Amino acid sequence: MKKLILILIYTIFWRNFLKIFIGLKYYNRNVLKKKKQFILIANHNSHIDTMAIMSSIPSRYIHRVHPIAAADFFGGSKFKEKLMRYMVNATLIPRKRAESKEDVDPIQVMSNLIEKGRSIIVYPEGSRGVPGVMTDFKKGIGYLINKHPHVDVVPVYLDGIHKTLPKGKNLILPYNCKIIFGDSIQFDSFEVDNIVKKSKDEFNKLIKNRS
Amino acid sequence: MNKIINSIDLNAEIQWVIAIILSILVIATTTFWIWNKFKPSKLVNEMILRTRSWWGMCFIFLFAATVNPIITYIGLAFLSFFTLREVYTLLDLRDSDRTTLLLCYFSIPIQYYFAYQGWYTMFLIFIPVFMFIIIPFFLVMAGDTKDIIRSMCILPTSLMLGIFGISHLALLVSFPEMNNDNISGKALLLFLIFITEANDIMQYVFGKLFGKHKILPKVSPNKTWEGFIGGVLSTTAIGYFMGFLTPLSSIELILISFCIAIFGFMGDAIISAVKRDFGVKDMGNTIPGHGGFLDRIDSLSTTSSPFFHLIYFLVIV
Numbered sequence: 001m002k003k004l005i006l007i008l009i010y011t012i013f014w015r016n017f018l019k020i021f022i023g024l025k026y027y028n029r030n031v032l033k034k035k036k037q038f039i040l041i042a043n044h045n046s047h048i049d050t051m052a053i054m055s056s057i058p059s060r061y062i063h064r065v066h067p068i069a070a071a072d073f074f075g076g077s078k079f080k081e082k083l084m085r086y087m088v089n090a091t092l093i094p095r096k097r098a099e100s101k102e103d104v105d106p107i108q109v110m111s112n113l114i115e116k117g118r119s120i121i122v123y124p125e126g127s128r129g130v131p132g133v134m135t136d137f138k139k140g141i142g143y144l145i146n147k148h149p150h151v152d153v154v155p156v157y158l159d160g161i162h163k164t165l166p167k168g169k170n171l172i173l174p175y176n177c178k179i180i181f182g183d184s185i186q187f188d189s190f191e192v193d194n195i196v197k198k199s200k201d202e203f204n205k206l207i208k209n210r211s
Numbered sequence: 001m002n003k004i005i006n007s008i009d010l011n012a013e014i015q016w017v018i019a020i021i022l023s024i025l026v027i028a029t030t031t032f033w034i035w036n037k038f039k040p041s042k043l044v045n046e047m048i049l050r051t052r053s054w055w056g057m058c059f060i061f062l063f064a065a066t067v068n069p070i071i072t073y074i075g076l077a078f079l080s081f082f083t084l085r086e087v088y089t090l091l092d093l094r095d096s097d098r099t100t101l102l103l104c105y106f107s108i109p110i111q112y113y114f115a116y117q118g119w120y121t122m123f124l125i126f127i128p129v130f131m132f133i134i135i136p137f138f139l140v141m142a143g144d145t146k147d148i149i150r151s152m153c154i155l156p157t158s159l160m161l162g163i164f165g166i167s168h169l170a171l172l173v174s175f176p177e178m179n180n181d182n183i184s185g186k187a188l189l190l191f192l193i194f195i196t197e198a199n200d201i202m203q204y205v206f207g208k209l210f211g212k213h214k215i216l217p218k219v220s221p222n223k224t225w226e227g228f229i230g231g232v233l234s235t236t237a238i239g240y241f242m243g244f245l246t247p248l249s250s251i252e253l254i255l256i257s258f259c260i261a262i263f264g265f266m267g268d269a270i271i272s273a274v275k276r277d278f279g280v281k282d283m284g285n286t287i288p289g290h291g292g293f294l295d296r297i298d299s300l301s302t303t304s305s306p307f308f309h310l311i312y313f314l315v316i317v
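Going down the list, the protein sequences come from chains L and X.
All residue numbers for the first sequence refer to the numbering used here, where the first residue is 1 and numbers rise by one.
All residue numbers for the second sequence refer to the numbering used here, where the first residue is 1 and numbers rise by one.
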């Protein structure tokens, strides 16, 4: 049932809407087809980012892919949480690391999902930030990949999507934009700092090779 | 299925044009294929890519133009939409212009509705009169006066380029006085597009073959006097021989083809200058070998309204 809703929303509605009206172009989307489990890391400037990524995931296992969202922004009320769970398939995490035992540890939530065989979508920048500018990655992505070195990490570069719905606006406008999938990252060592640096480098490569 | 076939009503002239277009495509494809076998070069590769895109564009166009008038209007409206989107992506507009941009997009269905109904006066004045007043006022309402003059000039002009010119193609099909016993809007539409694109190709070919003296050295290094003159002359000749699509006399045909050639060159030059200002080579990468939508329809957006009014003046008045 949940799968059907997700397919209806993303594979049918959002994919066509984004393609025809917004002018989104998918590049190298086939990298996802062969993979069973992956961690997608993407740059984040707009709410449309999640829709664009979800719409490019093959409908066969769309219900097993969870975008990770901040609980303080998207949670709050019961209704919002339900909406996020059923319409976006999102998993909510707190932004801060656990300080006492009662707190939920965000890294632990994500790593539980991966242990269950699910895939996740993470925005390592932490927030949408300034339109069109990529900031440094947070260290959390390093801890997560460090725990699960065998899962494929796929970088996704979203080019120009911030123009269609910038932060603080609520009007979606058509602009030609691109979503570019990279090949999965080959890490040479699984130290936290190295992972963060390497994935950032991989993004810069994607940005250089776009066009 | 039978219904669809019956609804495609093609008179003999239109069938002739379709045959001519297809044979040109076949000849071009085989020529470049053989050329590529014997002497491969970058130019031939680009030509092959372009010819392949021409196949796609011709099929989409012939489908849209001949099957059903409704499809013609919707297809042209989408063409306007894609063109506007391409321009606005390249333009660096202010954040406060966003509401006005939505208004610009909404004027597409309104303009094409007037075309569909054949409301001649409303169709003509909607953009140059009403939108030229409403758009600046919307910009004023957004309250951001910094750099407002730039937006006030760009947005109405983009409507003229992207919607006003191209929607005349739709008006040709619907205009009541152009669709009677001795004149057919569909045939005129085919004539206009055939001549305009032939003009583009001829100017390119003559420029490549004989081009020496640059006509606009600072704007576009590819445009030469030889290409311009050769293009205008050959377009006039082609227009004269394609005259069976129109009810015009020989003198009128030559006059109209000559005007189309000149206006087509102007549109081409205008978009070249715009691209130069943007600092890009092509407007987009939607059509392989050609660039974006506006790269292909640049001349069409300036030839269609002069053509419509010349026909109106010569045939109806």
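None of these hints come from the bench; they were simulated from the model.
Note that this is a predicted model, so its numbers are computed, not measured.
Each hint should be verified, as a subset may be incorrect.
As a list, the in silico DSS-like pairs of lysine-lysine whose alpha-carbon atoms are at most 30 Å apart [claimed, not checked]:
no.	chain 1	residue 1	chain 2	residue 2
1	L	Lys78	L	Lys167
2	L	Lys167	X	Lys146
3	L	Lys169	X	Lys146
4	L	Lys205	X	Lys42
5	L	Lys78	L	Lys33
6	L	Lys19	X	Lys281
*Straight-line Cα separation of Lys78 (chain L) and Lys33 (chain L) no greater than 30 Å?*
violated, 35 Å
*Hey, Lys19 (chain L) versus Lys281 (chain X), does the alpha-carbon distance stay inside 30 Å?*
holds, 24 Å
_Restraint check for Lys78 (chain L) with Lys167 (chain L), where alpha carbons must lie at most 30 Å apart_ = holds, 24 Å
*Please work out if Lys205 (chain L) and Lys42 (chain X) have their alpha carbons no farther apart than 30 Å.*
holds, 28 Å
_Check whether the Cα positions of Lys169 (chain L) and Lys146 (chain X) lie no farther apart than 30 Å._
holds, 19 Å
_Given pair status - Lys146 (chain X), Lys167 (chain L), alpha carbons within 30 Å_ = holds, 21 Å
Checked against the numbered hints given earlier, the structure breaks only hint 5 and satisfies all the rest.
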